[in-house]
Amino acid sequence: MKRRDFVKYAGLGSGVLMVPSLLMGNDISAEALLNPGMDIAIKKKLADVALNTAKTLGASYADARIGRYLNQYVFTREDKVQNVVNTESFGIGIRVVANGTWGFASTNNVSDAGIKKATEQAVAIAKANSKIQKVPVKLAPVQSYGEVSWKTPIQKDFKKVPISEKVDLLLSANAAALKNGADFVNSGLFMVNEQKYFASTEGSYIDQDVHRIWPTFTVTAIDRENNKFKSRQAMSAPMGMGYEYMDGLDSEKLEGPAGFKLYRGSYDMVEDATVAAKQAKERLTAKSVEAGKYDLVLEPNHLGLTIHESVGHPLELDRVLGYEANYAGTSFATLDKWKMKNFKYGSDIVNLIADKTQIGSLGAVGYDDEGVKTKQWDLVRKGILTNYQAIRDQVHMIGQNESHGCCYSQSWNDVQFQRMPNVSLEAGTEKYSVSDMIKDVEKGIYIAGRGSYSIDQQRYNFQFGGTAFYEIKNGAIVGMLDDVAYQSNTQEFWNSCAKICDKSDYRMFGSFFDGKGQPPQISAVSHGSSTTRFNNVNVINTGRTI
Amino acid sequence: MAIYTKEEAKQIMEKALSFSTADACVINISGSESGNIRYARNTVSTSGHRSNQTLSVQSSFGKKSGTATIDEFDDESLKKVVRRAEELAKLSPENPEFMAPLAPQKYDEYLTFKETTANITPEYRAGVASSSIEPAAAKDITAAGFFNDSSGFSALLNSKGLFAYNKSTNASFTVTMRSNDGTGSGWVTRDFNDVNKFDASEASKVAIDKATMSREAKAIEPGKYTVILEPAASVGLLGNMASAFNARTADEGRSFMSKEGGGTKLGERIVDERVNIWSDPLHPEVPTSTWNSAGQPLKKTTWLENGIVKNLAYSRYWAKEKGVDPVPSPRGFIMQGGDASLEDLIKGTKKGILVTRLWYIRNVDPQTLLYTGLTRDGTFYIENGKIKYPVKNFRFNESPVIMLNNLEKLGKQVRINGNLIPYMKIRDFTFTSLSDAV
Chain L
1195 MKRRDFVKYA
1205 GLGSGVLMVP
1215 SLLMGNDISA
1225 EALLNPGMDI
1235 AIKKKLADVA
1245 LNTAKTLGAS
1255 YADARIGRYL
1265 NQYVFTREDK
1275 VQNVVNTESF
1285 GIGIRVVANG
1295 TWGFASTNNV
1305 SDAGIKKATE
1315 QAVAIAKANS
1325 KIQKVPVKLA
1335 PVQSYGEVSW
1345 KTPIQKDFKK
1355 VPISEKVDLL
1365 LSANAAALKN
1375 GADFVNSGLF
1385 MVNEQKYFAS
1395 TEGSYIDQDV
1405 HRIWPTFTVT
1415 AIDRENNKFK
1425 SRQAMSAPMG
1435 MGYEYMDGLD
1445 SEKLEGPAGF
1455 KLYRGSYDMV
1465 EDATVAAKQA
1475 KERLTAKSVE
1485 AGKYDLVLEP
1495 NHLGLTIHES
1505 VGHPLELDRV
1515 LGYEANYAGT
1525 SFATLDKWKM
1535 KNFKYGSDIV
1545 NLIADKTQIG
1555 SLGAVGYDDE
1565 GVKTKQWDLV
1575 RKGILTNYQA
1585 IRDQVHMIGQ
1595 NESHGCCYSQ
1605 SWNDVQFQRM
1615 PNVSLEAGTE
1625 KYSVSDMIKD
1635 VEKGIYIAGR
1645 GSYSIDQQRY
1655 NFQFGGTAFY
1665 EIKNGAIVGM
1675 LDDVAYQSNT
1685 QEFWNSCAKI
1695 CDKSDYRMFG
1705 SFFDGKGQPP
1715 QISAVSHGSS
1725 TTRFNNVNVI
1735 NTGRTI
Chain Y
254 MAIYTKEEAK
264 QIMEKALSFS
274 TADACVINIS
284 GSESGNIRYA
294 RNTVSTSGHR
304 SNQTLSVQSS
314 FGKKSGTATI
324 DEFDDESLKK
334 VVRRAEELAK
344 LSPENPEFMA
354 PLAPQKYDEY
364 LTFKETTANI
374 TPEYRAGVAS
384 SSIEPAAAKD
394 ITAAGFFNDS
404 SGFSALLNSK
414 GLFAYNKSTN
424 ASFTVTMRSN
434 DGTGSGWVTR
444 DFNDVNKFDA
454 SEASKVAIDK
464 ATMSREAKAI
474 EPGKYTVILE
484 PAASVGLLGN
494 MASAFNARTA
504 DEGRSFMSKE
514 GGGTKLGERI
524 VDERVNIWSD
534 PLHPEVPTST
544 WNSAGQPLKK
554 TTWLENGIVK
564 NLAYSRYWAK
574 EKGVDPVPSP
584 RGFIMQGGDA
594 SLEDLIKGTK
604 KGILVTRLWY
614 IRNVDPQTLL
624 YTGLTRDGTF
634 YIENGKIKYP
644 VKNFRFNESP
654 VIMLNNLEKL
664 GKQVRINGNL
674 IPYMKIRDFT
684 FTSLSDAV
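Going line by line, the protein sequences match chains L and Y. Just so we're aligned, residue 1195 is where the first sequence starts under this note's numbering, counting upward by one. Just so we're aligned, residue 254 is where the second sequence starts under this note's numbering, counting upward by one.
Once the Cα atoms are required to be at most 16 Å apart in a straight line, the calculated EDC-like pairs of lysine to aspartate or glutamate come out as:
(1) L:Lys1325 - Y:Glu376
(2) Y:Lys512 - L:Asp1417
(3) L:Lys1274 - Y:Glu350
(4) Y:Lys316 - Y:Glu347
(5) Y:Lys512 - L:Glu1419
(6) L:Lys1274 - Y:Glu347
(7) L:Lys1332 - L:Asp1587
(8) L:Lys1422 - Y:Glu513
(9) L:Lys1238 - L:Glu1396
(10) L:Lys1475 - L:Asp1377
(11) L:Lys1328 - Y:Glu387
(12) L:Lys1332 - L:Glu1596
(13) Y:Lys471 - Y:Glu636
(14) L:Lys1667 - L:Glu1484
(15) L:Lys1321 - Y:Glu376
(16) Y:Lys518 - L:Glu1419
(17) Y:Lys332 - Y:Glu267
(18) Y:Lys665 - Y:Asp597
(19) L:Lys1422 - Y:Glu505
(20) L:Lys1422 - L:Asp1377
(21) Y:Lys471 - Y:Asp689
(22) L:Lys1693 - L:Glu1636
(23) L:Lys1535 - L:Asp1572
(24) L:Lys1325 - Y:Glu387
Residues of chain L placed beyond 10 Å of chain Y at every Cβ, according to the derived structure:
(25) Pro1230
(26) Lys1332
(27) Val1342
(28) Ser1460
(29) Val1464
(30) Asn1536
(31) Phe1537
(32) His1590
(33) Ile1592
Hints were generated in silico from the structure; no laboratory data involved. Cβ coordinates follow ideal geometry from the N, Cα and C atoms, glycine included.
Let's have the full structure, built from the sequences with the hints guiding it.
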């Protein structure tokens, strides 16, 4: 598949998107995906070559990651299969600390000689850079775990499901959309398996098997006469699950307002495509919003992206410290605010949790990419900023001596660094349903799904759209709206958080291709929440005439 | 070494092709060597070197195609990759949009490779970092930057005998300079095929000056303002507009190029008549490959002439459907400029805002090409022909189509990300809110 096409296809239902061209690896057959890969005893022996070579050359620390990355992507439009892609990428990345400085090198020559050479390069880079290094690397202590393993708890391995079954499902969803008023529909299925082996001079040998899946579509309805077109994105979430996510179990469905069908741990793509087509068509004649202040009732598949941008990113410690200043930016959530211990990030009911363990989430692993056992921790508790996201070489800068376990690299070929864990809004403790959110709103908007998103480089000012908007008047939904976007300031927005549904409405949103770093790397991360109300938020009208 | 000569590349591909038993076969080979250095907090953070080579085979039986890729080029590997592509093709569903490979074409000789860039050393990269860090530290400023250089080749051979080869180099640099009191930020970007044209100290000074000048910005009301957009500020919006010059989505009624009742805006004036945009693979300042991945020759193509849409891109399939000649999408674009320098544009402005760059640009409405995003790293208020003071950053909601209808004056062209874009003065640019971000 060409990179250009990937951009086009991957952009269909994008949340926070970057193009993983480097991850594509080599095209292989579907059957070859089932090849078990290298034996674990051989991996251990090869990893030891890297660790021993590094130590011999004077490194004070070394880790080796032997990775096999398998991807299967299926793309269709209307009644056509556009592409089926199977790729495999295999190699080793070696990271060392020498003279108090990081060095990294990687190779796809996973032999004693290849590994030795890459390790020598990593040490040489570290020593060369140490001449301009001002502060030596300081690593937080980590336990030696010995030989351990972890697997995403899947029920159906996507690699064992025939391609024809996947193609049939996408084409059925497309047909349902076309039957219900859509003029065009693009759909795609992204499936990923990371087989990662980690070893470090701290004495850990960690074997992990990580699975992720993302079904998505864009349905478009057209009015040629008036030259209008409107789209609706899928209400699926990318998940840290196997192919069982596609089962569409009734037990995982929720009835949403305005005819919405909503999904937790199981997705009914055909049903969602049916609703999507009707909503895309309805949007062609929807009322254009009147700009002003509204109470917003935000559905989890929408709110997840707002959490990602306005909580997840600003609380990355490397951003706070300035390491990302030249790319994504820095953060308003500076250390002095955190040290105050009373910085009101949000209202009293706002509790935001970082988590690398939540089953079904994209970020869930047993150990991070520098061998730290994963955990859950508070970022904001009762509205107060309490912590950041940090890894082994950073955490001492905030006076802590235990890494948070959120180090990640997109492949064996790239150096690992701090990446966002799952960041989620805790469900409300009082029993509230979505109707309870809507019933006491005089003038408001219910916003669902992914739309346009933009936020400044310190994460103050943001603007978000959605994929469907419904007007709320005097406690009830009265009709569809168009041209809606809300603009706010992170702290002001989270302090306007008025009411949160209980856990029966809790669902995950996900970003499959979140981008960060130079050269850029992707990672996948989930954001859970229940439907939540924010009062008196500024809404603009985005309609224009050209 | 992952850079093969024309002859070496051809030999490997011919060998692979000799193993093909498919109805049609297309072979691509490419390789690159790249190095980078990254720094932040006035010290080096990471650096790396990457070497890649890959050969891909697309085999087709009728309208069924399969692609396989390999990074080893010995005979056995080549046999294996061809066999795998053929197996995949037989298992694949038919693609009704399949197009048979092109017959041999004539290509212009490429201008994209410069030996100087291919010879960059780790010491050179460290020197780039020092050229930023030292002057920054001396002025109570913190530098965070990234320099990346690459050299590579790509070649194409198909079963109809078409052969194409290109070699290219690129060096790109960005640096963000932040004042240590946290109130000022400046940024600069540079990119060249020939690294001899790059001066890290000059570029770093631009960013340092902006960081100093932008300290303690004042808040002014958002609204519609006359703006002077530096080329780095308009490239994002213009690039998004250029990529929407696509015939298929326009014909399908889902593009800003679609017309009421059907058809496209081809031949219509959509922006100010002083706007001329074209692509030219042989422009000495912004050369690109002279062929694309389908093997089509890339020639000078006019997209907007005197504000009128002259061409939309047609893929080979869509051109066949519509009974027209294919028009390949451009690799980069060139917008005609004028003689005015930035200083001239500022001098001629009574009230306005100078914008260094626009950031986090996202599409809000594909129907009108409405985009949102923010100013960043140096935004200044102009009054009576002079920069008066720095202003806080704004969020904008604007369409490049509306922007180019509100054109006041064009200035000199500058190379940005492989494109050539002029300084532009635009009236009524829409800022919708203020940001506290520095």
